[in-house]
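Visitor: Throw the hints in and build the complete structure from the sequences for me.
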Amino acid sequence: MNPKLAQKIAFSLLFLVTLIIILPVLMIVFVIVKEGASAITWEFLFTAPKDGMRAGGIFPAIIGTLSIVLCAVAVTLPMGVMAAIYLNEYAKENLLTRIIKLSIVNLAGVPSVVYGLFGLAVFVMFLKMGVSIIAGALTLSIMELPVIITTSRNALNSVPQSFREASLSLGVSKWQTIRHVVLPNALPGIMTGAILSIARISGETAPILFTAAAFYVPHLPRSIFDQVMALPYHLYIISTQIPNMPKNITYGTALVLLVLVLAMSVSAISMRIYFRKKKKW
Amino acid sequence: MFSRKVTDSIIEKLIFASGIAAILLVSLIFFFLLREGLGFFSEYSIKDFITGHFWYPTSKPAAFGILSLIMGSLFVTLGAAVIAVPVGVMAAFYISEVAPVSVRDVLKSGIELLAAIPSVVIGFIGMVTLVPLVRVMFDIPTGLSAFSGSLMLAFMAMPTIVSISEDAIRSVPWTYKEAALSLGATKWQTMYRIVLPAAAPGILAAVMLGIGRVIGETMAVMMITGNAAAIPESIFDPVRTMTATIAAEMGETVKGSMHYKGLFAIGLVLFVITFIINFIADTFLNRVKK
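Line by line, the protein sequences are chains A and B.
Residues 1387 to 1667, numbered by the numbering used here, are exactly what the first sequence covers, in order.
Residues 487 to 776, numbered by the numbering used here, are exactly what the second sequence covers, in order.
Quick caveat, the hints were computed from the structure, so don't treat them as lab data.
Mixed in with the good hints, there may be bad ones.
[To be verified] Think about it this way: if two alpha-carbon atoms lie no more than 30 angstroms apart in a straight line, the pair counts; the simulated DSBU-like pairs of lysine-lysine are:
1) B/K663 to B/K673
2) B/K741 to A/K1665
3) A/K1560 to B/K491
4) B/K594 to A/K1663
5) A/K1514 to B/K741
6) A/K1394 to B/K663
7) B/K499 to A/K1560
8) B/K491 to A/K1478
9) A/K1390 to B/K741
10) A/K1487 to B/K741
11) A/K1487 to B/K499
12) B/K533 to B/K594
13) A/K1436 to A/K1420
Guide: Encoded structure:
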């Protein structure tokens, strides 16, 4: 066959295959928006479920998810950024660093449901926190740690070496250089990574199944030691466990979860594009 | 107030502590799974656990054989890999080597959005769209099957496979391509004769990580594979995976019971499998960097 023709056929094939991945993404979003939009009312967003979930709203689940996620981020972000600083600015090429990196890779690979088991064994049982916001949040924060470390490291790594040298040559200490020169320049990258992580943990179900989520709690959480309803768990319950569930409530719940997650992801992605264009080096 | 030197050194100690936290956490996870799971093996033989056909945790006498669950995970994972690997690698080539820059950015954002869709949402959409479709298309009693699970998981593994393969393809030195092109090879010939072999270790790592992701996936799998704890005979049978078993049953166990410990033992098996997969993938990736 003519190599030019072969190339044309091959490239068209590659294009079609790529479409096979992208089209279902658009289809999922389209179907959920189309079927779920009618469910979205003031009452749906701001009241509790009624009649065994078959009526009413999802307010406690929204608040539950937000509280778990906020607590998780408050733990994982500082820890992850500091770990990234250690790896990028302090660590030498030695066995310890190699083991740390390998541990991070493995943390990233642990299945989400195994994190759930870990959270149950450590936070719920061993530390006697019970099924609660804090137990779920800590579980999620460990799960998200490798992601935060990796994205923060990339952000720190993209700050030119000359910036550090300029500051150090003026007699500024290492930490002060990191604090006042490296971190501010890496901040946009760190923030984008953080927002993407928040989006991801908002949709996680398996880690909170036995650590934080409750089938039904009519009131809002009063402290971090309360069990809560959570959006992803609620979606799982109403789409599999409850017979004769009105279709539009299920789609509506999926829509709220999807909008929450995608809004964060899209803003993180656009932030990254904006800062990449603005970058001066 | 502390002097600047003292604060500096406190902060640097904190940074070091955070740095080694990852090691501590991996060890802790292993330790706690072991702690809860080992009690199980003192009362139930490892051989019966791994090779037993029946998972009847609440009958009397109870049976804790996970072979059907291992087979369930294996069927779904292999099915997903067969679909996801060629599709993902081809898409990675299209995105990194063929697509114009503007198209590339759109496609990459699309794949990043896919990564962001929660697995419970994908599971729900799979239940209402894919499952009925599979039932009608293949004329089987229920669409809740290993096949539906494989399709869904292949889709969910895409972000991992595509983005890591793409990195591998992009890290092939320019000089390789220039040499081939200057000899008169077409862009396509260069791609599959030069770039593909050169990027192979990285692509292999991408595949391993994708498979790791698939084995560990829980919610979507639980919602669309039918949850039948029996050894499947065809890919159109309902199956139950290890992950789904833990997720579905842990809520109902008595803490400290054999059933509870048995689920931790399954978690331990999963942890070891994913640990090995990630270790191998990481070795490949390090080879690429050199």
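Visitor: If a hint holds in the structure, say so; if it doesn't, say that too.
Guide: Okay, the hints, checked on the actual structure:
With a CA separation close to 9 angstroms, the supplied pair B/K663 and B/K673 stays within the 30 angstroms bound. Distance check on the hinted pair: B/K741 and A/K1665 sit about 54 angstroms apart at the alpha-carbon level, beyond 30 angstroms; violated. As the CA atoms of A/K1560 and B/K491 are separated by approximately 11 angstroms, the hinted pair is consistent with the 30 angstroms bound. For the hint linking B/K594 to A/K1663, the alpha-carbon distance of about 17 angstroms falls within 30 angstroms, and the restraint holds.
Using a Cα cut-off of 30 angstroms, the hinted pair A/K1514 and B/K741 holds, with the two alpha carbons roughly 13 angstroms apart. Simply put, A/K1394 and B/K663 have alpha-carbon atoms about 19 angstroms apart, close enough for the 30 angstroms limit, and the pair holds. As the CA atoms of B/K499 and A/K1560 are separated by approximately 13 angstroms, the hinted pair is consistent with the 30 angstroms bound. Between the alpha carbons of B/K491 and A/K1478 the distance comes to roughly 22 angstroms, so the proposed pair stays at or under 30 angstroms and holds.
Taken as a hint, the A/K1390 and B/K741 pair is broken in the structure, with Cα atoms around 66 angstroms apart against an allowance of 30 angstroms. Distance restraint check for A/K1487 and B/K741: the Cα-Cα separation of roughly 35 angstroms exceeds the 30 angstroms cut-off, and the hinted pair is therefore not satisfied. As the CA atoms of A/K1487 and B/K499 are separated by approximately 19 angstroms, the hinted pair is consistent with the 30 angstroms bound. With a C-alpha separation of about 46 angstroms, the suggested pairing of B/K533 with B/K594 is violated against the 30 angstroms cut-off.
For the proposed pair A/K1436 and A/K1420, the alpha carbon gap of about 24 angstroms is at most 30 angstroms, so the pair holds.
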